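Order-wise, the sequence lines are chains A and B.
Under my numbering, the first residue of the first sequence carries the number 1, and numbering increases by one thereafter.
Under my numbering, the first residue of the second sequence carries the number 122, and numbering increases by one thereafter.
Here are some of the chain B residues that sit facing chain A, going by a computed Cβ distance under 7 Å:
#: 1; residue: Asn156
#: 2; residue: Pro166
#: 3; residue: Leu168
#: 4; residue: Trp213
#: 5; residue: Gly226
Label pairs and their computed distance ranges (CB to CB):
#: 6; chain 1: A; residue 1: Ser54; chain 2: B; residue 2: Ser189; range: 34 to 42 Å
#: 7; chain 1: B; residue 1: Glu205; chain 2: A; residue 2: Arg67; range: 33 to 41 Å
#: 8; chain 1: B; residue 1: Gly163; chain 2: A; residue 2: Lys19; range: 22 to 30 Å
#: 9; chain 1: B; residue 1: Ser130; chain 2: A; residue 2: Ala40; range: 18 to 26 Å
#: 10; chain 1: B; residue 1: Glu205; chain 2: A; residue 2: Pro41; range: 17 to 25 Å
Calculated lysine-lysine pairs in the BS3-like style (CA-CA distance at most 27 Å, straight line):
#: 11; chain 1: B; residue 1: Lys167; chain 2: A; residue 2: Lys19
#: 12; chain 1: A; residue 1: Lys63; chain 2: A; residue 2: Lys12
#: 13; chain 1: A; residue 1: Lys23; chain 2: A; residue 2: Lys12
#: 14; chain 1: A; residue 1: Lys13; chain 2: A; residue 2: Lys63
#: 15; chain 1: B; residue 1: Lys167; chain 2: A; residue 2: Lys23
#: 16; chain 1: A; residue 1: Lys63; chain 2: B; residue 2: Lys167
#: 17; chain 1: B; residue 1: Lys167; chain 2: B; residue 2: Lys228
#: 18; chain 1: A; residue 1: Lys63; chain 2: A; residue 2: Lys19
Simulated from the structure, these hints should not be mistaken for laboratory data.
Because the structure is a prediction, the values reported are computed rather than measured.
Here a beta-carbon is modelled for each residue, glycine too, at the ideal position from N, C-alpha and C.
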Amino acid sequence: QVQLVQSGAEVKKPGASVKVSCKASGYSFTSYYMHWVRQAPGQGLEWMGTINPSGGSTSYAQKFQGRVTMTRDTSTTTVYMELSSLRSEDTAVYYCARASGFGLLYGMDVWGQGTTVTVSS
Amino acid sequence: QSVLTQPPSASGTPGQRVTISCSGSSSNIGSNTVNWYQQLPGTAPKLLIYSNYQRPSGVPDRFSGSKSGTSASLAISGLQSEDEADYYCAAWDDSLNGSWVFGGGTKLTVL
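All chains should be built: construct the whole structure from the sequences, respecting the hints.
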């Protein structure tokens, strides 16, 4: 079955960076784009960006441009999301979510379990 | 402030039918399809409806979606206690460089 397994919770200080991983299994890794979505405590969902696991091209939300980097490793079917210059407002649960097809306009169908990132001094 | 507008809350009694609205604009719902997600407390979102009204396998037919112009709706019939959750609509937005946008979420309470 399609499964996305994310790395564990992180606690970071303001100004630091965090890198979250998302290991995919149960489907052809390079045939589906992957989104990253975050959810601050008690808040709604926010799209951060998307990566094409085949070629590695990315599309980032304007809000995160310059601070976020999404990469992939096809040998381990894993995608990564790194967020730098962390501030307290980045405290959130970060989700990877498979796109339902090969393209940016395909929405999220299968979601990872989420990774809690806490930014605190 | 979310790009897509949903009511913050909705409620119903078991067996009732409830609807949740999602209002957008010509750059998102007006020109692209809508997905709906269900998020049970403490869990990741789950795809409920895609392409306006399609249900993934395993989603009960009690859940249905529709779209008209720049608005979409999610209907839940035969309400059950396990339907108590947060519901989000989402769509691609063509403005600027394009982005995925979500509604602010609707908390459904089963009375």
